[in-house]
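Below, each chain spelled out in residue letters.
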Amino acid sequence: MAPGKQTVLNEALDRLWIQFLPQMVERVRTLETACAALATGTLSMGQRAEVNTAAHKLAGVLGTFGLTKGTILAREAEIIYSGGPDTDPEDAARLNVIAGQLRSIVANRK
Amino acid sequence: MTERVAEVLAMAHRILIIDDEDDIREVAALSLETVAGWEVTTANSGAQGLARAVEYQPDAILLDVMMPGMDGPTTFRALRANAATAHIPVLLLTAKVQSTDQRRFADLGVDAVLFKPFDPLMLSSQIAGVLGWN
Numbered sequence: 000m001a002p003g004k005q006t007v008l009n010e011a012l013d014r015l016w017i018q019f020l021p022q023m024v025e026r027v028r029t030l031e032t033a034c035a036a037l038a039t040g041t042l043s044m045g046q047r048a049e050v051n052t053a054a055h056k057l058a059g060v061l062g063t064f065g066l067t068k069g070t071i072l073a074r075e076a077e078i079i080y081s082g083g084p085d086t087d088p089e090d091a092a093r094l095n096v097i098a099g100q101l102r103s104i105v106a107n108r109k
Numbered sequence: 000m001t002e003r004v005a006e007v008l009a010m011a012h013r014i015l016i017i018d019d020e021d022d023i024r025e026v027a028a029l030s031l032e033t034v035a036g037w038e039v040t041t042a043n044s045g046a047q048g049l050a051r052a053v054e055y056q057p058d059a060i061l062l063d064v065m066m067p068g069m070d071g072p073t074t075f076r077a078l079r080a081n082a083a084t085a086h087i088p089v090l091l092l093t094a095k096v097q098s099t100d101q102r103r104f105a106d107l108g109v110d111a112v113l114f115k116p117f118d119p120l121m122l123s124s125q126i127a128g129v130l131g132w133n
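Residue numbers (numbering that gives the first Met the number 0), protein chains in the order written: chain A, 0 to 109; chain B, 0 to 133.
In case anyone wonders, no lab produced these hints; they're calculated from the structure.
Honestly, I wouldn't trust all of these hints.
Chain B is faced by these chain A residues, among others (derived, beta-carbon under 8 Å) [what the hints assert, rightly or not]:
(1) A11
(2) I17
(3) T39
(4) K68
(5) T70
The beta-carbon is built from N, C-alpha and C at its ideal position, and this holds for glycine as well.
Full structure from sequences and hints, please.
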């Protein structure tokens, strides 16, 4: 592809990132809220489905904006949340780390 | 019309993107328009996509799997059941990477399964490759 075209694409992607940043942040917030609920043993089935969807959507989109590590982390969260109603403490701790890393990745994309 | 103009017009494919996620929809459209110069229209649900496919008659449809209401597989079956859209190649676009999901999608009879996240620089060449447009 011509360099000029690539620049146009990258600039347009940057604009779309800014446009969709609020919904990326909201999805990360859903993961953080779920982690807090897991810690207190109050994660409902509805919340689990919601966080599973949020993780799935993040996994599908972050890499498209060049955030490959974000996709890998979100996919890991999706796999853990889709594992069933009981989350063992080790996985819960891991989900907390993932949520924090995702927040940082989303916040720091240039 | 010069030979070059005719060649470009012949290559300007028309694509319908059906996806409920507006970020994915817009990035995919941007990618296909900017990188390949294709003409793109979009729909945000299976039902809207079916109607758009009939009226727009795209050269190919990029179809999300997980959508509320009519999901991708259901939409695909409806496209195939309608004489006005049965001939249009359909490529599923999914973030599901587990092998059981992949087998299920392949069994549907779609033309190809593409995975999210996609590289915006490469999406058009992926589509062109699987559909023999190169």
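Hints, one by one, checked against the model:
1. A11: holds (5 Å)
2. I17: violated (11 Å)
3. T39: The hint is violated - A/T39 has no Cβ within 8 Å of chain B, the shortest such distance being about 29 Å.
4. K68: violated (12 Å)
5. T70: holds (5 Å)
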